[in-house]
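A.B. asks: Chains as they are written, first to last, in the working numbering: chain H, 1 to 197; chain D, 1001 to 1313.
Keep in mind that a hint or two might mislead.
As the list claims (entries may be wrong) - So these bits of chain H aren't anywhere near chain D, every CB distance computed over 10 Å:
#1 5
#2 19
#3 65
#4 72
#5 79
#6 87
#7 90
#8 110
#9 111
#10 134
#11 147
#12 171
#13 173
Stated by the list, open to error - Here are the simulated SDA-like cross-link-like pairs (lysine to any residue), alpha carbons at most 25 Å apart as the crow flies:
#14 H:151 to D:1096
#15 H:151 to D:1143
#16 D:1006 to D:1171
#17 H:151 to D:1099
Please keep in mind that the hints were generated in silico from the structure rather than gathered at the bench. In this text, all values refer to a predicted model and were calculated from it rather than measured experimentally. Even glycine gets a Cβ: it sits at the ideal position worked out from N, Cα and C.
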Amino acid sequence: MTGAAKLLVGAFPRWMGCAPEPTQRIYFANHTSHIDTVAIWAALPIRLRNTTHPVAAKDYWGGGIRSYIATKMLRAVLIDRSRSDPNANPLAPLIEMLKLGESLIIFPEGTRGSSAVPGQFKSGLYHLATQFPNAQLVPVYLENLHRSLPKGAVLPIPMTCTVRFGAPMALAAEETKEAFLERARAEVIKLAGNVKA
Amino acid sequence: MTLREKMFWVFGGVIALLAIASVAGAILGKRARSDSGRATVDNLKARVNAWWVMIAVLAVTFALGETATLVVFAFVSFFALREFITLTPTRPGDYLPLLLAFFVILPVQYLLIGHDQYGTFAIFIPVYGFLLLPAVATFAGDTHEFLERSAKLQWATMITIYCISYAPALLLLNIPGYQGSNALLLLYLLLIVQLSDVLQYVFGKLFGKTKLAPLVSPSKTVEGLVGGGLTTTLIGGALYWITPFTWLQATAISFVIVVAGVLGGLTLSAMKRGLGAKDWGVMIEGHGGMLDRMDSVSFAAPMFFHIVRFFFT
Chain H
1 MTGAAKLLVG AFPRWMGCAP EPTQRIYFAN HTSHIDTVAI WAALPIRLRN
51 TTHPVAAKDY WGGGIRSYIA TKMLRAVLID RSRSDPNANP LAPLIEMLKL
101 GESLIIFPEG TRGSSAVPGQ FKSGLYHLAT QFPNAQLVPV YLENLHRSLP
151 KGAVLPIPMT CTVRFGAPMA LAAEETKEAF LERARAEVIK LAGNVKA
Chain D
1001 MTLREKMFWV FGGVIALLAI ASVAGAILGK RARSDSGRAT VDNLKARVNA
1051 WWVMIAVLAV TFALGETATL VVFAFVSFFA LREFITLTPT RPGDYLPLLL
1101 AFFVILPVQY LLIGHDQYGT FAIFIPVYGF LLLPAVATFA GDTHEFLERS
1151 AKLQWATMIT IYCISYAPAL LLLNIPGYQG SNALLLLYLL LIVQLSDVLQ
1201 YVFGKLFGKT KLAPLVSPSK TVEGLVGGGL TTTLIGGALY WITPFTWLQA
1251 TAISFVIVVA GVLGGLTLSA MKRGLGAKDW GVMIEGHGGM LDRMDSVSFA
1301 APMFFHIVRF FFT
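Using the sequences plus the hints, can you model the full thing?
C.D. replies: Here it is in structure tokens:
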């Protein structure tokens, strides 16, 4: 499957701010298409794929063939966006994974956008950052994928997409949730360079 | 000489040249002092290494035969089109025609060649692709810069699919007294085009002073163009024994290939720079993208094909 992803969208890794190391990390990226998860996954070296888990929405990836791809091939963690049980913490499965020392790939916008730069981040990234101060937070920018697979489309248009990994960031002392999320979003946008919104 | 022996000699010659280039790169690498000098040598080494890979792929492809050649060129077109579309701004309204270009037009063009359909292969994209791609784009209801977007789709498919597919289409030609040897004709075309690019680069680095087109293609020099172009033309003439041409014909045809290649390089370079890029892509280390290597071929292949078809079949 990573072969198919590379053929269609290239997924060329660009380690701009850090090296591909096996330290515990939370990669957070802009989200524009269903192919994003596979693209980041394909851009990681094979040795990191075993310990890095994409976070995917249960409502989309929870059933049928998608479920097989998500859980068996990508070893993804499924998150309940609809909060079917109001008392459960939707982040619980992510926290379990991080407790095991594993790394995660998350899309903090929570949903797919349609422009080159990401929209507002949801607070999940902040909560994970406060609970796991030792995990490196690595901003990731996915270039071009919003053009490859627009919302509603099924087949991706082949495109050369780069996956840009930025410098790790951390939650600053006494930083507010809003300030942190805005700073994290700015880090992803910075990796985009001078693209048009 | 049999076909096999000729192939052997040509590939042997290319391998010998590459070996010399690798040794030269190693020596230059030890002697380079300045940072810019070292960067040039590093790029030279990357280019030579990429050539080893490309020659290996080509040799295996030729050994496997006609179908493999078509498949490999279909992938060359695929990657070239992918690069073209990546650099060209498109809108969500272009989704359907782009899908059509990648997954219908491209395979159909190569299937037509595979099934010996000269009449259809030669007009499929210039007529049907030309008219239908913009027509399909209207379904999205987006009229913003419609003419520009249509032109991008048409140029993308013409250059990366249609023009490049003329190279493997050489296998279709039925040349009296040359049956079964068409693979050599394809090899001849690729050899002349790429040798011309390489020798222009070498002559340019050694003697280059006057820039040919500083804004369009900053590395091209008049000295490189004349020196590399003429040398290639002479080599093309000397290689007449792998072609159905006399040495005089081979020299004249090589000259056309060289000129077409230069025009292709300039045109596609102007296009990518107009799109704000220095290279079409990153696939081939030291060279840039697939289209940086195929730009001259895309112009030379159709002209070579039609010259051969007109005068020799």
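A.B. asks: Hint by hint, say whether it matches the structure.
C.D. replies: Hints, verified against the model:
1. 5: Answer for residue 5 of chain H: holds, closest chain D Cβ roughly 13 Å.
2. 19: holds, 19 Å
3. 65: holds, 21 Å
4. 72: holds, 27 Å
5. 79: Non-interface label stands for residue 79 of chain H: nearest chain D Cβ at 28 Å, farther than 10 Å.
6. 87: Since the minimum Cβ distance to chain D is about 40 Å, residue 87 of chain H lies beyond 10 Å and the statement holds.
7. 90: It holds; residue 90 of chain H is separated from chain D by about 31 Å at its closest Cβ, greater than 10 Å.
8. 110: Non-interface label on residue 110 of chain H holds, nearest chain D Cβ at 22 Å vs cutoff 10 Å.
9. 111: Nearest chain D Cβ is 17 Å from residue 111 of chain H, so the label holds.
10. 134: holds, 35 Å
11. 147: Incorrect as stated: the minimum Cβ-Cβ distance to chain D is 6 Å, not above 10 Å.
12. 171: Holds, because the least Cβ-Cβ distance between residue 171 of chain H and chain D comes to about 35 Å, which exceeds 10 Å.
13. 173: About 40 Å separates residue 173 of chain H from the closest Cβ of chain D, which puts it past 10 Å; holds.
14. H:151 to D:1096: Holds, because 13 Å separates the two Cα atoms, which is no more than 25 Å.
15. H:151 to D:1143: Holds: residue 151 of chain H and residue 1143 of chain D sit about 20 Å apart, inside 25 Å.
16. D:1006 to D:1171: holds, 17 Å
17. H:151 to D:1099: holds, 15 Å
When held up to the earlier numbered hints, the structure conflicts with hint 11 and nothing else.
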